[in-house]
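*Asks:* Using the sequences provided together with the hints, build the complete structure.
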Amino acid sequence: EGWRPRPREASRCMAPGAQVDLISYLSGAGLAALVNFPLWKAAAIGQSGFTAQGPTFFARLKVLLGPPYKGVAATLFGMTWARAAIFYCADAGRDRMLALGASPAAATALPAVGISTLVQVVNQPIVRGTITIQDPSSRHAGLVAALRHIHATRGVSGLWHGTVPAVAKTVPKYVVAIWVKDAMQELLPKPTAPPGAPGHRSQVLQASAVKSIAAGVAGAALTNPLDVIRNEMFKTDEALGETTRRLLRREGASFLWRGVGRNPV
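My numbering puts the first residue of the sequence shown at 108, with every later residue one more than the last.
If you are wondering where the hints come from, they were derived from the structure by calculation, not from laboratory data. Some clues are possibly wrong.
Unchecked claim - What follows is a set of in silico ranges between Cβ atoms, one per label pair, in the way DEER data are often shown:
no., residue 1, residue 2, range
1, Thr163, Ala213, 51 to 59 angstroms
2, Ala304, Arg353, 55 to 63 angstroms
3, Ala180, Thr158, 19 to 27 angstroms
4, Val263, Pro162, 40 to 48 angstroms
5, Arg167, Leu329, 26 to 34 angstroms
Using N, Cα and C, we set each Cβ at its ideal position, and we do this for glycine too.
*Replies:* Spelled out as structure tokens, the structure:
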């Protein structure tokens with residue numbers, strides 16, 4: 108959150124400074140994706156039910172967090188543009204709707220829902236392919252090989268298999284994250300040091316860290332069950348209803364929090 112600009116009037120979103128703001132969104136999202144890739148890999152393996160084999164705990168931990176990092180470039184690209192687009196457009200859309208007289212609730216929810224849905228649909232083939240190759244037993248050398256296999260066996264529609272739970276996951280995840288971020292911004296004390304004074308930047312960054320943690324944990328925990336269902340659909344090519352019923356028969360309600368410990372991290 109420290110790299111995200113503060114809300115501004117809608118007219119400023121189209122000003123020359125907006126380009127600089129977009130660069131800050133992209134650079135922040137890219138850095139976050141790079142740092143968190145090993146944790147994302149571990150969460151994907153856990154939520155998908157892939158087996159991380161090893162004779163010891165540390166050997167299994169190496170499988171979860173260590174190389175090989177398959178599809179890392181595509182994953183970083185997909186995460187970076189998706190997160191930057193969602194947060195940038197949600198902020199810009201919120202400012203514009205407020206300027207047009209919309210209610211705070213509508214201004215917060217509608218832009219986030221619209222851009223989250225669009226981003227998830229566009230990104231779906233990358234998401235499916237990169238999660239598929241995180242299986243330690245996967246024989247695909249990389250993302251392109253996985254996508255070619257999916258296309259050859261399932262056709263074009265197979266590349267968008269699992270889109271329904273993916274959208275159902277992404278939309279509330281980012282809407283909740285943005286809502287929590289805005290709520291925390293109102294609840295947290297304002298910086299006591301004026302802008303430019305010693306300590307002001309530190310106070311702003313501390314508040315941003317608290318907002319980021321609260322928003323990230325809330326969004327990840329809320330949507331973990333849909334992550335599990337989507338990843339299972341990738342693994343088995345089953346339909347949404349069939350996948351959900353099988354998980355309930357095999358694991359009961361416990362599938363709802365499969366991998367939840369890694370997901371918020």
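*Asks:* Please go over all the hints and tell whether each is borne out by the structure.
*Replies:* Status of the hints after comparison with the structure:
Between Thr163 and Ala213 the C-beta distance comes to about 53 angstroms, which sits within the given range of 51 to 59 angstroms. Our hint of 55 to 63 angstroms for Ala304 and Arg353 holds, since their Cβ atoms are close to 59 angstroms apart. At roughly 26 angstroms, the beta-carbon separation of Ala180 and Thr158 lies within the given 19 to 27 angstroms, and the hint holds. Remark: the range hint 40 to 48 angstroms for Val263 to Pro162 is upheld by a beta-carbon distance near 42 angstroms.
Checked against the given bound of 26 to 34 angstroms, the beta carbons of Arg167 and Leu329, roughly 28 angstroms apart, stay inside it.
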